[in-house]
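Please put together the full structure from these sequences, using the hints given.
Protein chains in written order, with the numbering used here: chain A, 290 to 737; chain B, 45 to 367; chain C, 374 to 550.
By construction, these hints were calculated from the structure, which means they are not laboratory data. Hints may contain errors.
[As the list claims (entries may be wrong)] Using 20 Å as the maximum straight-line C-alpha spacing, the simulated EDC-like pairs for lysine to aspartate or glutamate come out as follows: (1) A:417 with C:416; (2) A:473 with B:109; (3) C:390 with A:424; (4) C:402 with A:448; (5) C:454 with B:109; (6) B:232 with C:440; (7) A:417 with C:543; (8) C:402 with B:216; (9) C:404 with B:216; (10) A:473 with B:220; (11) A:473 with B:59; (12) A:473 with C:543; (13) C:547 with A:305; (14) C:395 with A:424; (15) A:722 with C:475; (16) A:431 with C:428; (17) C:454 with B:196; (18) A:480 with B:109; (19) C:395 with A:448.
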Amino acid sequence: MATKLLLEHINVPGIETYDVYRSKGGYRAVEKALKTMSPDDVMEEVKKSGLRGRGGAGFPTGMKWSFLDRKSSNPRYLVCNADESEPGTFKDRYLMEKNPHILIEGLILSSYSLGSNSTYIYIRGEYKWIVGILEKAIAEAKNAGFLGKNILGSGFNLEIYVNNGAGAYICGEETALIESLEGKRGNPRIKPPFPAISGLYNCPTVVNNVETLATVTPIINMGGDEYAKLGIGKSTGTKLISACGHINRPGVYEIDLGLPVDEFLNSDEYCGGIRKGHELKAVIAGGSSVPILPAELFMKNAAGEARLMSYESLSDGGFATGTMLGSGGFIAMDETTCIVHNTWTLARFYHHESCGQCSPCREGTGWMEKVLHRLEFGHGHMHDIDLLVEIAGKIEGNTICPLGDAAAWPVAAAIRHFRDEFEYHVTHASKVKDSRKAHLPNYKTATV
Amino acid sequence: MSQLFKITIDGETTEVAPGTTILNAARQIGGSLVPPAMCYYSKLKGSGGKCRTCLVEVSQGSEKDPRPMPKLVASCSTPIMDGMVVKNLTSPKVLEARKGVVEFLLINHPLDCPVCDQAGECHLQDLSYEHGAARSRYEEERRKFDRIDIGDKIQLHMTRCILCYRCVFTADQITDKRVHGIMFRGDKAEISTYIENVIDNDFSGNVIDVCPVGALTDKTFRFKSRVWFVKPMEAHRDCPKCSGKTVAWLSGDEVYRITGRKDKYGELEEWICNDCRFEHKKISDWVIDGPRAIERHSVISLNKYEKGIKVETPKKIGYGNTR
Amino acid sequence: MEQTQHQFQFSEKSLKKVQEMKTRYPEGKQKSALLPVLHMAQDEFGGWLSAPLMDYVASLLDITPIEVYEVASFYSMYNLKPVGKCMFEFCQTGPCCLNGVEELIEYTEGKLGIKVNQTTADGKYTIKAVECMGSCGSAPMAQIGTYYYENLTKEKIDKIIEVFGQPDFDPFKKYSI
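Shown next, in the form of structure tokens:
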């Protein structure tokens, strides 16, 4: 039985407008919170819900909120991270396009709890048309008295602004996002200090993902305890999964955490199985940064137990045999997929997106891409495979921000599980060359 | 005042003020346990954290919370805690990571030391000597840029740059109208003025001194001599713009170049003005105070002075050795 | 003729919008409006940011030109060279490759007689290959102007080339293809 909290009314015509959203019970949570709850009460409910950050890291949201420096005399800020750019992930886009008011409502609740009077939505630049959708929803909410001064007579003031990025994956990292929101290059900051102490304009700041903040709406409506009953173990509630690749029904699905992966992949309610006449070869379960798994290790963990779509079950076995739920960007690949090619395109992505601040990431991502390109086009050597593992190992853990890890993991995991394919590209180089049209022995990546 | 924090680095314990970074605590202890720093510069606000050569292992977070830190941390930007235990040279993990960082820094470096004016006083050279491998595993084409002049006295050789950002912070600090910065991103990032522009400021020459490699060099000294063939002498003059305290690099009675005075970590003691640096190249312009004991670079210091000048010969090349 | 910043002047409407944007941020933090204002400048003045145009933006926000150059060159959506009015920005990251974007890019290249990162001689079309656009479930795709064109096929590319080559093509409008 699937619970729909975020996508409950997603197919109701006009749900993106205030009137329809309101008629479906919208902004009830704001009324409840601002009239009957203190800011701390709201945080308490979020804590009780067990909600974990939906952007990828899975950090408990209530705990993150509790770190915010409330003693500071500076203003406090909430920033909504709508810089969704993790390959395979398009759930926030879907939610903002289809049901913007649930996000605005979540933002009002969260801002109230955190004491933010100016809240910013930082949305990736490519989602140009969604800026208009959000600004319209904000104007409607303001018109209805849910934004502005002294909201519902509570004394709480709030304005929400939308600020667009301009093409930089790195701005999904919270301190890079803050820099970008300040009108600067998206270079992640050196931590400490953490944003909870010194973030936007050096003021205490919380940065949360779109889905995380939207989820605060149903949490306040139903209560944290009720929300925590959904899901499994520490993976409470529901999660949006964006599914793509070689499946019959790509799209965004809301699942109860703990749904068996088999059901998610094969049921017609979700992915609808692998495209006709093909079989599953590998899965990237939570956005391109998480380790790729071969089909058998994805369906069942090393102990042979069926895997579930939950933080714990997917990471069972560590990186040796497991992966991560990450952002919920689910990429399924059938047997026609060349893992070397796929790994190269992902390495190209991280190379392109490295901010270039710290040396391991700046130099290492480019190096990996170039070596992978050689292998992909039949110019590689056997020792290149171990070289890649070593470069990945030298990047991982040694960079300013997690982009280094995110670049290293997919390469290391692909070689861990599909080494034979990399070797094939060396042992059958001429065959590979024939099948690849591009032929660039001295590869330079495209310039900006 | 608040009480001091106890910190142990490679088995040596000291007490430092709260808020001190691990690197600066190590510098207070001194010796070979001081981590190398290619981007951090104590006099430049905002510098540090980028090059990752100063990574260390924190094997005990603090007295109160003795758990180790899960990842290596940049010692230049991590504040100490009371009772923290840090491993630098005693950590195989650190040495391995540092070797990796050196390899990364070198893959796109031209390794043109034979024709580089910085050779002999290049921090990247020292770092590679100490932590690098003998051969590069990098087979791909290296990044290349054209040399550009930023003003008639300073040359930018971007190909050698390791993107430490020091020159940018310097410009931020000495002027409110910075004209050069970091363009583009990733491994395509470069120091540039974007449009043809001259760094025109009385103190702009200091970017040469803060550059850890040969990316920014003094055109008035270009190809004139190897640094180890000239003698560094402490010199001063009455200067209306700066302290006038410099190092004059002499060959006989000829002034080959003027630089600021650097401490044992290669950092300038004071900014000097362009007038002193570029316009006073006659021995009569200066009062020579005596030989400058160059504390950091053996190749310059060795066999240069008569007996009686205190120049220690280190047992081992480290970053905190007094030479 | 060489451009100067003085030849650029936002429309009344845009100037008002810039003024409004500056009020969204605390006093002295108007630099926060830089990314949105650069987008506006690019959209209003021919799809790319020349140095004088960036200088104009700097003057509007009371910041130095170098601060604008640093930012404009960091983000991939700002064009520092002229581009065609119809700019294909094909997503070339993993999931789009699984669904055949490479073949489609090649097809478009052949059809227009240009390569990725080039503009046709008539200045109408540019092809770019960009990284993940958040459209993985509707791959292959390209962004053209404001909107995404998804589940692309060779037939759809043909149609886009035809329709978007017309003089009245408006990149800020959504076309059903």
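Results of checking the hints against the structure:
1. A:417 with C:416: Since the Cα atoms of residue 417 of chain A and residue 416 of chain C sit roughly 12 Å apart, the hinted pair holds (cutoff 20 Å).
2. A:473 with B:109: Violated - the C-alpha atoms of residue 109 of chain B and residue 473 of chain A are around 36 Å apart, more than 20 Å.
3. C:390 with A:424: Distance of about 14 Å is within 20 Å: holds.
4. C:402 with A:448: Holds - the C-alpha atoms of residue 448 of chain A and residue 402 of chain C are around 17 Å apart, at most 20 Å.
5. C:454 with B:109: violated (54 Å)
6. B:232 with C:440: OK: residue 232 of chain B and residue 440 of chain C at ~18 Å, within 20 Å.
7. A:417 with C:543: holds (15 Å)
8. C:402 with B:216: holds (18 Å)
9. C:404 with B:216: Holds, at roughly 17 Å.
10. A:473 with B:220: At roughly 17 Å apart (the allowed maximum being 20 Å), residue 220 of chain B and residue 473 of chain A satisfy the hint.
11. A:473 with B:59: violated (38 Å)
12. A:473 with C:543: Violated, because 30 Å separates the two Cα atoms, which is more than 20 Å.
13. C:547 with A:305: Within the cut-off at roughly 19 Å; holds.
14. C:395 with A:424: holds (16 Å)
15. A:722 with C:475: holds (17 Å)
16. A:431 with C:428: This hinted pair is violated, its Cα atoms lying about 36 Å apart.
17. C:454 with B:196: violated (29 Å)
18. A:480 with B:109: holds (19 Å)
19. C:395 with A:448: Since the Cα atoms of residue 395 of chain C and residue 448 of chain A sit roughly 14 Å apart, the hinted pair holds (cutoff 20 Å).
Checked against the numbered hints listed earlier, the structure breaks hints 2, 5, 11, 12, 16 and 17; every other hint is satisfied.
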